[in-house]
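Sequence positions in the sequence shown follow my numbering and run 67 to 142.
These aren't lab readings, by the way, just hints derived from the structure by calculation. Heads up, some of the hints might be wrong.
If you anchor each label on the Cβ, the simulated ranges turn out as follows [claimed, not checked]:
| id | residue 1 | residue 2 | range |
| --- | --- | --- | --- |
| 1 | D137 | E110 | 37 to 43 Å |
| 2 | T136 | E84 | 16 to 22 Å |
| 3 | R138 | W99 | 33 to 39 Å |
| 4 | D94 | N73 | 17 to 23 Å |
| 5 | T136 | A107 | 40 to 46 Å |
| 6 | L127 | S75 | 31 to 37 Å |
| 7 | L131 | S75 | 35 to 41 Å |
| 8 | W99 | D121 | 17 to 23 Å |
| 9 | D72 | H130 | 34 to 40 Å |
None of the values given here were measured: they were computed from a predicted structure. Even for Gly, the Cβ is constructed at its ideal location relative to N, Cα and C.
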Amino acid sequence: MADDDDNRSYLVVVNDEEQYSIWPDGRDVPAGWWSVGVSGAKGECLDHIERVWTDMRPRSLREHLQAAATDRHHDG
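Please build the complete structure, drawing on both the sequences and the hints.
Given below as structure tokens:
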């Protein structure tokens, strides 16, 4: 089925690592994921994700790199 023919409604979901995805509305969201309160057509949900998910790195990696940079700044 082409995306243009997909008239289902989706939810925007996010996990603990702040990684985004879409999930069919009306189905139970998988464990470890939760809805961010945005729903609609597939394209609308994907557009929202593109606007808000500006750093694709998992949250734990971003925090680790930030901590390492802070340590180097304070040690120097």
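- Item | Verdict for T136, A107 (Cβ pair) under range 40 to 46 Å | With Cβ atoms ~42 Å apart, the hint holds.
- Message: If I claimed the Cβ atoms of D94 and N73 lie 17 to 23 Å apart, would that claim hold in this structure?
- Response: Cβ of D94 to Cβ of N73: about 21 Å, so the range 17 to 23 Å holds.
- Message: 17 to 23 Å was suggested as the range; check whether the CB atoms of W99 and D121 agree with it.
- Response: Since the Cβ atoms of W99 and D121 sit about 19 Å apart, the hinted range of 17 to 23 Å holds.
- Could you check the hint for me, namely that D137 and E110 are 37 to 43 Å apart, CB to CB? For D137 and E110 the Cβ distance comes to about 42 Å; the hint holds.
- Query: So does R138 sit 33 to 39 Å from W99, Cβ to Cβ?
  - Reply: holds, 34 Å
- Message: Quick check: does the Cβ-Cβ distance between L131 and S75 fall within 35 to 41 Å?
- Response: 37 Å Cβ-Cβ, so the 35 to 41 Å window holds.
- Given the hint of 34 to 40 Å, check if D72 and H130 actually sit that far apart at their C-beta atoms. holds, 37 Å
- Message: I want to verify a distance hint. Is the separation of the beta carbons of L127 and S75 within 31 to 37 Å?
- Response: Between L127 and S75, where Cβ atoms are some 32 Å apart, the hint holds.
- Do the Cβ positions of T136 and E84 conform to the proposed distance bound of 16 to 22 Å? Holds: the Cβ-Cβ distance is about 20 Å, inside 16 to 22 Å.
Of the hints listed earlier, there is not a single one the structure fails to meet.
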